[in-house]
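Generate the whole structure from the sequences, applying the supplied hints.
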Amino acid sequence: MTPGLEEPIPPETELHDDTSPFNGTLGDNFDGNLDGSLDGDADGHVDGQGTRRGPTSRRAVLAGAAGAAGAAGLGALLLRSAIGDAPVSAFATSGAAHPAGHAAVSGAGRALDPGGAGTATPVPDARMLSPATGHGAGVNGATFRTGQVVDHRANGFDPTAVLRDFDWGTTSRLSDGRTLREWDVVAGEREIEVAPGLRFPAWTFNARVPGPTLRCREGDRLRVRFVNASPHQHTMHFHGIHPAEMDGVPMVGRGTIAPGEEFVYEFDAEPFGLHLYHCHVGPLAEHISRGMYGTFIIDPAQGRPRADEMVMVQHGWNTTFDGQGNQLYAVNGIPFHYMHEPIRVKRGELVRIHLVNILEYDPINSFHVHGNFFDYYPTGTRLEPSEYTDTIVQGQGQRGICEMRFPHVGRYMFHAHKTEFADLGWMGFFEVVD
Amino acid sequence: MAEPLLSRVPRSALAAGIVALIATGLAVLAALAGSVLPDRTGPPVESLVVERTVLSAPGTIELVVRNAGPDPVTVAQVSVNDAFVAVTGGEQPIGRLASETLRLDYPWENGLPYTVSLLTSTGAVIEHAIPMAAATPAATSASLLQVALLGVMIGVVPVLLGMTTLPLLRRAGPTASRVLMALTVGLLAFLAVDAGIEGLEVGAAGAAAFGGSMLFVLGAALAFLLLAGTQRLIPDTTRAGRVALLVAIGIGVHNLGEGLAVGSALAVGELALGTSLVVGFALHNTTEGMAVVAPLTALPPVPAQPDRTVRPGRLLLLAIVAGGPAVVGTVLGATLTTESHATFLLGLGVGAIVQVIVLLVPQLRRPEGGLDLPVAAGLGAGVVLMYVTGLLVAA
Numbered sequence: 001m002t003p004g005l006e007e008p009i010p011p012e013t014e015l016h017d018d019t020s021p022f023n024g025t026l027g028d029n030f031d032g033n034l035d036g037s038l039d040g041d042a043d044g045h046v047d048g049q050g051t052r053r054g055p056t057s058r059r060a061v062l063a064g065a066a067g068a069a070g071a072a073g074l075g076a077l078l079l080r081s082a083i084g085d086a087p088v089s090a091f092a093t094s095g096a097a098h099p100a101g102h103a104a105v106s107g108a109g110r111a112l113d114p115g116g117a118g119t120a121t122p123v124p125d126a127r128m129l130s131p132a133t134g135h136g137a138g139v140n141g142a143t144f145r146t147g148q149v150v151d152h153r154a155n156g157f158d159p160t161a162v163l164r165d166f167d168w169g170t171t172s173r174l175s176d177g178r179t180l181r182e183w184d185v186v187a188g189e190r191e192i193e194v195a196p197g198l199r200f201p202a203w204t205f206n207a208r209v210p211g212p213t214l215r216c217r218e219g220d221r222l223r224v225r226f227v228n229a230s231p232h233q234h235t236m237h238f239h240g241i242h243p244a245e246m247d248g249v250p251m252v253g254r255g256t257i258a259p260g261e262e263f264v265y266e267f268d269a270e271p272f273g274l275h276l277y278h279c280h281v282g283p284l285a286e287h288i289s290r291g292m293y294g295t296f297i298i299d300p301a302q303g304r305p306r307a308d309e310m311v312m313v314q315h316g317w318n319t320t321f322d323g324q325g326n327q328l329y330a331v332n333g334i335p336f337h338y339m340h341e342p343i344r345v346k347r348g349e350l351v352r353i354h355l356v357n358i359l360e361y362d363p364i365n366s367f368h369v370h371g372n373f374f375d376y377y378p379t380g381t382r383l384e385p386s387e388y389t390d391t392i393v394q395g396q397g398q399r400g401i402c403e404m405r406f407p408h409v410g411r412y413m414f415h416a417h418k419t420e421f422a423d424l425g426w427m428g429f430f431e432v433v434d
Numbered sequence: 001m002a003e004p005l006l007s008r009v010p011r012s013a014l015a016a017g018i019v020a021l022i023a024t025g026l027a028v029l030a031a032l033a034g035s036v037l038p039d040r041t042g043p044p045v046e047s048l049v050v051e052r053t054v055l056s057a058p059g060t061i062e063l064v065v066r067n068a069g070p071d072p073v074t075v076a077q078v079s080v081n082d083a084f085v086a087v088t089g090g091e092q093p094i095g096r097l098a099s100e101t102l103r104l105d106y107p108w109e110n111g112l113p114y115t116v117s118l119l120t121s122t123g124a125v126i127e128h129a130i131p132m133a134a135a136t137p138a139a140t141s142a143s144l145l146q147v148a149l150l151g152v153m154i155g156v157v158p159v160l161l162g163m164t165t166l167p168l169l170r171r172a173g174p175t176a177s178r179v180l181m182a183l184t185v186g187l188l189a190f191l192a193v194d195a196g197i198e199g200l201e202v203g204a205a206g207a208a209a210f211g212g213s214m215l216f217v218l219g220a221a222l223a224f225l226l227l228a229g230t231q232r233l234i235p236d237t238t239r240a241g242r243v244a245l246l247v248a249i250g251i252g253v254h255n256l257g258e259g260l261a262v263g264s265a266l267a268v269g270e271l272a273l274g275t276s277l278v279v280g281f282a283l284h285n286t287t288e289g290m291a292v293v294a295p296l297t298a299l300p301p302v303p304a305q306p307d308r309t310v311r312p313g314r315l316l317l318l319a320i321v322a323g324g325p326a327v328v329g330t331v332l333g334a335t336l337t338t339e340s341h342a343t344f345l346l347g348l349g350v351g352a353i354v355q356v357i358v359l360l361v362p363q364l365r366r367p368e369g370g371l372d373l374p375v376a377a378g379l380g381a382g383v384v385l386m387y388v389t390g391l392l393v394a395a
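Chains A and B, in that order, give the protein sequences. The first sequence begins at 1 in the working numbering and counts up by one. The second sequence begins at 1 in the working numbering and counts up by one.
No lab work stands behind these hints: they were computed from the structure. A virtual CB, placed ideally from N, CA and C, is assigned to each residue, including glycine. Check before you lean on any hint, since a few could be wrong.
Unchecked claim - Label pairs and their computed distance ranges (CB to CB):
#1 B:205 <-> A:140: 29 to 39 Å
#2 B:111 <-> A:218: 21 to 31 Å
#3 B:39 <-> A:218: 53 to 63 Å
#4 B:31 <-> A:259: 53 to 63 Å
#5 B:193 <-> A:140: 25 to 35 Å
#6 A:433 <-> B:111: 44 to 54 Å
#7 B:111 <-> A:201: 40 to 50 Å
Unchecked claim - Cβ-to-Cβ under 10 Å is the rule here; a few derived chain B residues that face chain A:
#8 14
#9 74
#10 86
Rendered as structure tokens:
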């Protein structure tokens, strides 16, 4: 099971490596995420007013559907509004979704922003949801109100996209031949629909929770320009080896970054492994639980074996702000998301999960995968796995890399094996296909 | 100067003018307050009261919730014992004082406790505890008949049994009669205090939307005033008969509230039905029968009834007035009632009883005025009797 190092270096690492003289142009390595995030932050406070469709308009659409049953145009409208949020199979049994439409959805099922009149329209009708989604009710397990999902478009991020979204920054070459890797990260505030119908006043890095997954290579020089566009003081505190003045804690070096100010955190990428960053301003628990955290990956110089890579940041939402635990648990922002949109992986392909736990207020978190075992690399700082298991426990701030191959096709759950967290949102599905 | 002018204005016109003035003043106030005063700085105040819980097989929990707060509340998601559940109902905001039925899909088990957490659109959590899950009896005609039969057994029959003490009571001399009346007042006083405590508790627990415990006070005041204002209208040829009927009415209204409590306890599975419950209530309520007939003996003979006999039909009527509401109460309690209803009805019962006490107290006085030891003993005995028989009923 242990992947051999003779496997080819993943193309991502090759592509974004900057030893090439052609690299270094601004925006060369942008994946588009940063631009979008900055825009989103600028108007973050007014988002959702006009674009988010409330239950009323949803009902109106359904009422219209009843009135004009059989109209092909209407069927298309319903479909279009379903793209992006509803799982592909969710409409398989729906009368409104004809087979042709179903096929059309399949292609765009992962799209973050399909455009069109509306996205993420929950359908308040139990019959619309196929049992094939696996997201049951009653004895079939925990679920939000049947058929409801959050409006990812209004939120400005989609956990399905977050999963495989690695931000390699902008690279250039230093005089000593090393790679300089730069990012802009903006702190902001925005309301996020963290569960259908429930809006949470989050504090964010680049307008998403978790913040961008910053990825680099061992030995890079890193320069993170941190802009505080929020009304509160914040910092970026990186896990890693760096000078004290780059530690991003109050009263050391620059200390807290006041609203409207900015600061450049600059340090070397070491040691290789799976790390994280978060705000370190007090009250610390609140700054973290509001959403100010993200993954920080330093790849080993020689790279890792090619794999289908993904990031899972385990966290919670304490919507009552009582500091006594969380009302919602999730990976990558939205509870139950991967129940609605299972993570597609290929049979036999190496899957690498960068698993981070930043859960506030609860002592431990855990990760369990069904129908499979994985090699576990604690903190990702060694190239040899420490354990071959199907369940791993992490305290807050702990992280590790899980590598596995699925030998069989089908749906396999993954969830916290602290099952209370699972029932409160921290569960999802892998969909293994050929 | 203005006085002669105003005095010449017709009274109706004056009233209309004053009403118009007040209305204008209020309108100006409403218009100004909004622009002058600052907006509320805090988050919305969200308050939902669960008025009724219905557990039905297989695996459904129904909550009737009412918005008891000033702001609309939207129930975004619902969890039961820390697991989110599929729920229908309450998708739209619930306005102030409006109510909504939430239907949860959850495989509950008989006899286990559950905590339902309503997660609102702002992230607030409103918790509702189900101390012990038990299937809510379906309101079929057969089951309602059984509930009604329970009401007859704990309400009407004991009162009738208590009335059979009449021949004995009639033999009592004037002092003994006063002691009996004192006993009755003691019984009633105990009932009033007992129901008062319960009414305030129920009101505080689940009737917040409609004023909570104030609903109890309202019911008590209304019942008191209603009986005080209408007792002269009660058709009866004798004062003794009228007093007995009033006592029966007071006890009857009380038994309505008591029946409600029994019926709703039955509905949520908190009440163990059986011989002990029925016998306990019977003993408790037999004393109420004594209280109803006591006035018939305590008064001096009247010319119309020289032999001091009372027709059986009259006794039956009194028994139905005093005990019948228990039947109505148990059926209501087992089917529709909410805490708000119960609070108000408990208040009505207490108000009616207090009015009857006010009516009876003058008769406790000695002819020369004042209370004496036997009467005080009778009052005490009434309270103790109710207390002891009340211990037999664990409801």
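For each hint, the structure was consulted:
1. B:205 <-> A:140: 29 to 39 Å: At roughly 34 Å between Cβ atoms, residue 140 of chain A and residue 205 of chain B fall inside 29 to 39 Å, so the hint holds.
2. B:111 <-> A:218: 21 to 31 Å: violated, 60 Å
3. B:39 <-> A:218: 53 to 63 Å: holds, 54 Å
4. B:31 <-> A:259: 53 to 63 Å: Since the Cβ atoms of residue 31 of chain B and residue 259 of chain A sit about 38 Å apart, the hinted range of 53 to 63 Å is violated.
5. B:193 <-> A:140: 25 to 35 Å: violated, 52 Å
6. A:433 <-> B:111: 44 to 54 Å: Holds, since residue 433 of chain A and residue 111 of chain B (Cβ atoms, about 45 Å apart) stay within the stated range.
7. B:111 <-> A:201: 40 to 50 Å: holds, 41 Å
8. 14: violated, 49 Å
9. 74: Interface hint status for residue 74 of chain B: holds (6 Å vs cutoff 10 Å).
10. 86: holds, 3 Å
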